[in-house]
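Participant: Below, each chain spelled out in residue letters.
Number of protein chains: 4
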Amino acid sequence: MIRVAVLGAGRIGRIHGRNAAVHPAARLVAVADPHVPSAESLAQSTGAEIASLEDVVERSDIDAILVCTPTTTHADLIERGARAGKAVFCEKPVDLSSERIERCLGVVERAGTPLMIGFNRRFDPNFASLRERLAGGEVGDVELVTILSRDPGPPPVSYIETSGGLYRDMMIHDFDMARFLLLGDEPVEVHAVGSCLVDPDIGRAGDVDTAAVLLKTAAGRIVQISCSRRATYGYDQRIEVHGSKGMIRAGNIHRTTVEVANAAGIAADPVQDFFLERYADAYRAELTAFLDAVSGGARPEPTGRDGLLAQLLADAATESARSGTPIRL
Amino acid sequence: MIRVAVLGAGRIGRIHGRNAAVHPAARLVAVADPHVPSAESLAQSTGAEIASLEDVVERSDIDAILVCTPTTTHADLIERGARAGKAVFCEKPVDLSSERIERCLGVVERAGTPLMIGFNRRFDPNFASLRERLAGGEVGDVELVTILSRDPGPPPVSYIETSGGLYRDMMIHDFDMARFLLLGDEPVEVHAVGSCLVDPDIGRAGDVDTAAVLLKTAAGRIVQISCSRRATYGYDQRIEVHGSKGMIRAGNIHRTTVEVANAAGIAADPVQDFFLERYADAYRAELTAFLDAVSGGARPEPTGRDGLLAQLLADAATESARSGTPIRL
Amino acid sequence: MIRVAVLGAGRIGRIHGRNAAVHPAARLVAVADPHVPSAESLAQSTGAEIASLEDVVERSDIDAILVCTPTTTHADLIERGARAGKAVFCEKPVDLSSERIERCLGVVERAGTPLMIGFNRRFDPNFASLRERLAGGEVGDVELVTILSRDPGPPPVSYIETSGGLYRDMMIHDFDMARFLLLGDEPVEVHAVGSCLVDPDIGRAGDVDTAAVLLKTAAGRIVQISCSRRATYGYDQRIEVHGSKGMIRAGNIHRTTVEVANAAGIAADPVQDFFLERYADAYRAELTAFLDAVSGGARPEPTGRDGLLAQLLADAATESARSGTPIRL
Amino acid sequence: MIRVAVLGAGRIGRIHGRNAAVHPAARLVAVADPHVPSAESLAQSTGAEIASLEDVVERSDIDAILVCTPTTTHADLIERGARAGKAVFCEKPVDLSSERIERCLGVVERAGTPLMIGFNRRFDPNFASLRERLAGGEVGDVELVTILSRDPGPPPVSYIETSGGLYRDMMIHDFDMARFLLLGDEPVEVHAVGSCLVDPDIGRAGDVDTAAVLLKTAAGRIVQISCSRRATYGYDQRIEVHGSKGMIRAGNIHRTTVEVANAAGIAADPVQDFFLERYADAYRAELTAFLDAVSGGARPEPTGRDGLLAQLLADAATESARSGTPIRL
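Which chain is which? The protein sequence lines are A, B, C and D, in order.
FYI, the numbering for the first sequence is 303 to 631, going by our numbering.
FYI, the numbering for the second sequence is 303 to 631, going by our numbering.
FYI, the numbering for the third sequence is 303 to 631, going by our numbering.
FYI, the numbering for the fourth sequence is 303 to 631, going by our numbering.
Hints were generated in silico from the structure; no laboratory data involved.
Check before you lean on any hint, since a few could be wrong.
A few chain D residues that face chain C, going by a derived Cβ cut-off under 8 Å, partial list only [unchecked claim]:
1) Thr-375
2) Gly-408
3) Tyr-535
4) Ala-563
5) Ala-565
6) Ala-566
7) Ile-568
8) Ala-570
9) Asp-571
10) Pro-572
11) Gln-574
Note that the Cβ used here is the ideal one computed from N, Cα and C, for glycine as well.
Can you build the whole structure from these sequences, using the hints too?
Facilitator: Printed below as a string of structure tokens:
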């Protein structure tokens, strides 16, 4: 039984906290959040105790910490957890600065403790099945990967201002997914095109809300990624991969299987429109993967290095969009 | 080159006449229709000459006749054509009376001439492919066949009054399709339930507009058929067959492949809504099958006996719906 | 907080017991099962205590009982629970004998206590949404209802021998669904056709494994139901309803959204193949509906009378298949 | 009745020639092809006479010419036809050199005669419907356009060597489609990435077989195009457009509507795999649009300028892929 503490009791902390509380291989021991009502609410509903962030990373009766605090605190908490010998699961990103990420990973490496980064989409049953079949050679050699992500709606401009920009805040998931699907053939060139088409305030904040990226890998494979802060029919999350022997894709989940046909046509329900619903299974599977690795002594994946490499792609895309030229890695 | 005449230049006669006129294996020699403007129009557009019905069935320079006249004239024209040594293609049904059909088939048998009945749906590329794969054992032994037919809208009540009723006029296609898909295992029991739900005038004319039938075959296979005189999203024509190893189905053809997604859902176009459009390919393939059989000396299918057996099922369904009990054949 | 006991800790008892244990409006107080290891296992995993069936229906600290024991004990436990003033949720059927059901419902009526029958499919989010839209008039007046149910595979013949037969054991769910979708227009005629096509041992046990039924309602609406003990691509559960203004349907849930395209075609995953997975959401929603009704003082639905009426339809279908004639109700 | 001659009786010339021969508004007068057997075969099957290219562009009894000869002859034949006062329909491209195209268009402009370029995909009923609904505002302001084209298989390397390369030979259709869908907002930046993943001989011939392009328009809209010389499940031709109010897409046409379900999943047929079949309706609609414009005195579209602008995008993509930098237009 792995003794777990969750750091941060916001939206994503509550997900991981509750999943840990009912997980057969874990016991949620403590909840830490400087915002007391959040900590109390999660502690109460899970039977965990309330603790301070400081305590949690030090206490010897805690084996693993789930870092769900704001991004600016991630690297520091990872380092403190690692130094205290704890297994760390950290929501993406480790930090908005690649240099800071590299330093942090150095600390973890020296500590020799497990670190897993929360790229939850790898654990979506649909995407995981797609990747498994891809890795099994079902469509032959990969030639072209297309990834599409559209958020239901833009976050507040105040969030965007400190988010690192669309490529680091949103498309980083797609960069990790691209790497996940490329099975080791790393991107060597990034070209990004971005626009502000959804909300002019996002543009005034220096960011884009609609963007597309072309990646080329060492072996010449091509990846197309597109992102938008606006979806019109639900949270849109799709992957399509063409290989030498076929195509494989994974799509959205409709709210129900109901279809209505009349003179206007034949209509299905919109797709699920909230990431916590769309990825509920993924969050559970992600936690299980972390706990399995910790209890089995294996290195959990996605690793800190996966977090770094996705961040470097996001940095390159940001620079490409700024300069108007492709960036070689 | 088979010299063909078309008898009847109405809606379906024009289809067969034009298909014959451009068919590489046929020459449309003559068009006969007592309604002169119809005959003239089709003759003009195809380069055929106008002739009387009497002439056409006698003339020695005509090899094959396509009978597209009103139902009441079918049996007589088939007999005259057969006696004159001509190959005959006749639109369904041969007659509304099974006794009359049997007499007619006796005449054809004695003449030894080819006769094909126009159950066009057997030649629809989708249904033909389904049947071929079924016959090839792709879903194992057939257990349950479901056939659905919904016309875009009811015909005039004046038509319904002389149509023989829904089971003989409309569901006869589905009875033939059921026999086509059962690969020789004939229905031995028919139970029909009908209602008047679309237009009360149809009920006043003594007919139903919504009906469902259960067939049981000699080997215990089950067939569900449903028909309605009303479709709401296009001409609805579907088949689904469950077998011991799987299920096979064939569906409708949408007007386009366009789909629109928005907050209301994801909508495809309605399906094609007119039988001449839906079955355009089927009519062409049907004529080719007839001409191929005639030129190759083979017996064309569906045969006159297929026409009779479908009619007997329609008779039984009509009687079952009237009496409220299943009819054994 | 409603204090709940679960009677029967088998497959379905474990589902309801666990759902009750984590339900915010309920507390699972006790588990009763004469098979001690089953009771212990469920009690342990939920924190409930073990009790005898006798105790549970008597104890004043229990508000509601969930009857998940074998069918032969249902009516008796319902009566004892009702007499003890408890709200009762009972898995279908109340009994295989309609007379016994009627007597039992009389006892409950005199007790004035809530009784809900476990027709779980009404609570499937897809079917529930379909029904809600139907009731809202989205497809106009209902004309034709088609329900299809195919189990993944036949149960042991020993089970079939005491099951009451396919119509009472399996198709009873579809009879209830038909009534649910007909919005008050009750079936007045039942015609059933059954065959033994899957396993001859089922035939030797006096039952069928493949069956279809035609229902006609008081208003002339038509219902087609088909059932098979064998599914080939997952647990097949579909509904299609045609109305005067359109068609509405609800279908299966695929294991993933992955599709693979190659020279053989474009293939989706099979559908979910186990009822506990397919209806996991339905079981949760069903319990919530029961608890909501109990706490709100409302009469829970489906009622005991719904259980009786579905049973009468199953009885009529059994008799129709035996006699070869439709049964009027 | 427009008197038409077809120049070039190869694969595409036969399509246009036969369509013209049966078109109610046209008469196919002459067929010209230096390869005599080709000319004879098409002339025979359509009833047209054989003529020389020189004659055809001069003869006063010909109103319109359909230029279906090899690319190198297009510009010259367009100019000669225009000078002789004839309406000209010319297969894409006018020429592989943009300068040559511009000179040719100057000649046509001075002649004041109609010229239409054969971007057939604009006339595909699916894509045409998509564009019409887009123009009608059904999905609001366009934000992101994704176009995918995959040929069934690569042409011979000898063809590729003189084709102008994938961007000019194949992706030019997609550039035109992008412009068609952007409703006047022209691309101002082109970034192309290409690889040789299908056949190394294509690489040795200096071309790519897999490519993706990012376009950005004056208004900041983004277009993703991907092309491959290899398709694995039929000729793959898809469009997806996201706008402020929704998404609209048009997809492939399956060979039949048949689906088979079994333990392996649920499989549809592959999509139609030959462009002449996939675009048969488009070729007919394209000819009708040309003849309608000619007889109505309107300027046919796509215009010569559309041909030039697509070529300039193809030139820019070719240059971008070569240099590794985006090209501004």
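Participant: Of all the hints numbered above, which does this structure not satisfy? Sort the numbers upward.
Facilitator: Numbers 1, 2 and 11, in rising order.
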